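> First to last, the sequence lines map onto chains H and P. Using this note's numbering, the first residue of the first sequence is number 4, and each one after it goes up by one. Using this note's numbering, the first residue of the second sequence is number 4, and each one after it goes up by one.
Keep in mind that the hints were calculated from the coordinates and are not lab data. As the structure is a prediction and not an experimental result, all values here were calculated from the model. For glycine and all other residues, C-beta sits at the position ideal for the given N, C-alpha and C. Check each hint, because a few of them may be wrong.
[Claimed, not checked] Output of the computed footprint for chain P on chain H, the stretches with three or more beta carbons under 8 Å from beta carbons of chain P:
(1) 11 to 17
(2) 79 to 89
(3) 104 to 111
(4) 125 to 139
(5) 142 to 154
(6) 182 to 190
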Amino acid sequence: MTLSAGFTNPVADAQACFRSVLDAMARPGRIHTITGIVAPAPLCEATAAVLLTLADHETPLWLDSSTKAARDWIAFHTGAAIVPADRSTFGVALALPDLAGFPNGTDEMPETAATIIVQVDSLEAGQRFVLAGPGLREPAILAVTGLPPDFAALWQRNHALFPRGIDLILCAGVRLTALPRSVSIKDA
Amino acid sequence: MKGYNFAYLDEQTKRMIRRALLKAVAIPGHQVPFGSREMPLPYGWGTGGIQVTASILGAADVLKVIDQGADDTTNAVSIRRFFARTAGVATTTATAEATVIQTRHRIPEKQLREDQIIVYQVPQPEPLFRLESSRIETKRMQGLADYGLMHVKLYEDVARFGQISISYDYPVMVNERYLMSPSPIPAFDNPKMDMMPALQLFGAGREKRIYAIPPWTRVRSLDFDDHPFRTINAPHPCGLCGATDSYLDEVVTDDRGGRLFVCSDTDHCAERRAAGHVGTDGFQEAAE
Numbered sequence: 004m005t006l007s008a009g010f011t012n013p014v015a016d017a018q019a020c021f022r023s024v025l026d027a028m029a030r031p032g033r034i035h036t037i038t039g040i041v042a043p044a045p046l047c048e049a050t051a052a053v054l055l056t057l058a059d060h061e062t063p064l065w066l067d068s069s070t071k072a073a074r075d076w077i078a079f080h081t082g083a084a085i086v087p088a089d090r091s092t093f094g095v096a097l098a099l100p101d102l103a104g105f106p107n108g109t110d111e112m113p114e115t116a117a118t119i120i121v122q123v124d125s126l127e128a129g130q131r132f133v134l135a136g137p138g139l140r141e142p143a144i145l146a147v148t149g150l151p152p153d154f155a156a157l158w159q160r161n162h163a164l165f166p167r168g169i170d171l172i173l174c175a176g177v178r179l180t181a182l183p184r185s186v187s188i189k190d191a
Numbered sequence: 004m005k006g007y008n009f010a011y012l013d014e015q016t017k018r019m020i021r022r023a024l025l026k027a028v029a030i031p032g033h034q035v036p037f038g039s040r041e042m043p044l045p046y047g048w049g050t051g052g053i054q055v056t057a058s059i060l061g062a063a064d065v066l067k068v069i070d071q072g073a074d075d076t077t078n079a080v081s082i083r084r085f086f087a088r089t090a091g092v093a094t095t096t097a098t099a100e101a102t103v104i105q106t107r108h109r110i111p112e113k114q115l116r117e118d119q120i121i122v123y124q125v126p127q128p129e130p131l132f133r134l135e136s137s138r139i140e141t142k143r144m145q146g147l148a149d150y151g152l153m154h155v156k157l158y159e160d161v162a163r164f165g166q167i168s169i170s171y172d173y174p175v176m177v178n179e180r181y182l183m184s185p186s187p188i189p190a191f192d193n194p195k196m197d198m199m200p201a202l203q204l205f206g207a208g209r210e211k212r213i214y215a216i217p218p219w220t221r222v223r224s225l226d227f228d229d230h231p232f233r234t235i236n237a238p239h240p241c242g243l244c245g246a247t248d249s250y251l252d253e254v255v256t257d258d259r260g261g262r263l264f265v266c267s268d269t270d271h272c273a274e275r276r277a278a279g280h281v282g283t284d285g286f287q288e289a290a291e
């Protein structure tokens, strides 16, 4: 069995991907495009790039069962332990998992909450959401295909925990964006 | 760049700092612990800011470093050189040209843009540390948003001096949740943090904490209805460029009481002088 490579240029590509995620986290819903990677199925380029950028042996991972085919690639390139959701630092899923299954931090250490990388079908069209909160001068619109129809309600439960709560990174193809716990989401 | 990884830090350390930065941005104003590394200069010289800058910097970035507003002081020059050498990035002194600005104790006078990131060097990230010495206790207070102690301190200032007597490191509330130290910038700069278009990142190397303010986030300086927050500045125009709206440094010029008030932001002052503005102690710039 052969594994495909990671980043073409590990240092520069990881930096570029990180700046995309940082900007998306700072300006929720802003879409960024990543380059420099061939992703192992069933992961898309953005999901694979975010994993290589942020995960390593210090970050236990939870993988949803549908990502099984990419498990060896992830294990080889990140060295992260695969753990149950409630002990994970990062989650990777092809459909939004139950957020309640992940650590959402404590009042004193809200930073220990998990970040879930959710691979969706599209970040260009689909269900429309209105985002508001820190990072947004005025409410922004995000269109996503691949989140549950009642996502706004599910998110509200997470957002209400602030400063605790889960942060999401949404990936579709080479595109990504982020939804930090601080953002409020309504159906458009 | 021979002998170094890009931007000095190894990739493992960068990943750790990057994860802390993302959590810091997701929880505006909250101090996230990180594994601060030993740097080739001592704690207290901006190691927190340097580690944050090293973790975000890319080859295409243009770096500006200021120390108390000045581009030409020791700390600013050595940090700028450090990154020119270890990352090979372009550096500048012009605020408008920079994509990343690392600062010690000032915010540039020029309004920052959406495509810029400002990195603050922070000596003491915990605003409550002079009021409560136990880190366990201040962490709990932050967790419960219990900031009564700070309000009592401000009230005692008013009772004793008739005003809130904090001229720098003036505590702020971020997004109406976390009490935050803005680092020892003059209170004059506090209003610039409110709804700033640029991302603001804070690194405290010795104290091993990172925190952040996303763009367009409410930052409110603590005050009372009957003693509203106000900024203090020397009641003079800049001696060199005549600016009346910039933060001024007082420079003693002789031993007979002579003094000169000049812009602390050297780039701002130079730009104004180049545009033909002259203060009472200045001289017309020679045409180039």
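> All the hints need checking, so say for each whether the structure fits it.
Status of each hint after checking the structure:
1. Coverage of the region 11 to 17 of chain H by chain P holds in this model, with 4 residues showing a Cβ closer than 8 Å to a Cβ of that chain against a need of three.
2. Remark: the region 79 to 89 of chain H is not confirmed as covered by chain P, as 0 of its residues place a Cβ nearer than 8 Å to a Cβ of that chain, below the required three.
3. For a cut-off of 8 Å, the count of residues in the region 104 to 111 of chain H with a CB near a CB of chain P stands at 3, and the three-residue condition holds.
4. Check result for the region 125 to 139 of chain H against chain P: holds, 3 residues qualifying (beta carbon to beta carbon below 8 Å, three or more required).
5. With 0 residues bearing a CB less than 8 Å from a CB of chain P, the region 142 to 154 of chain H misses the requirement of three and the coverage assertion fails.
6. Remark: the region 182 to 190 of chain H is confirmed as covered by chain P, as 3 of its residues place a Cβ nearer than 8 Å to a Cβ of that chain, reaching the required three.
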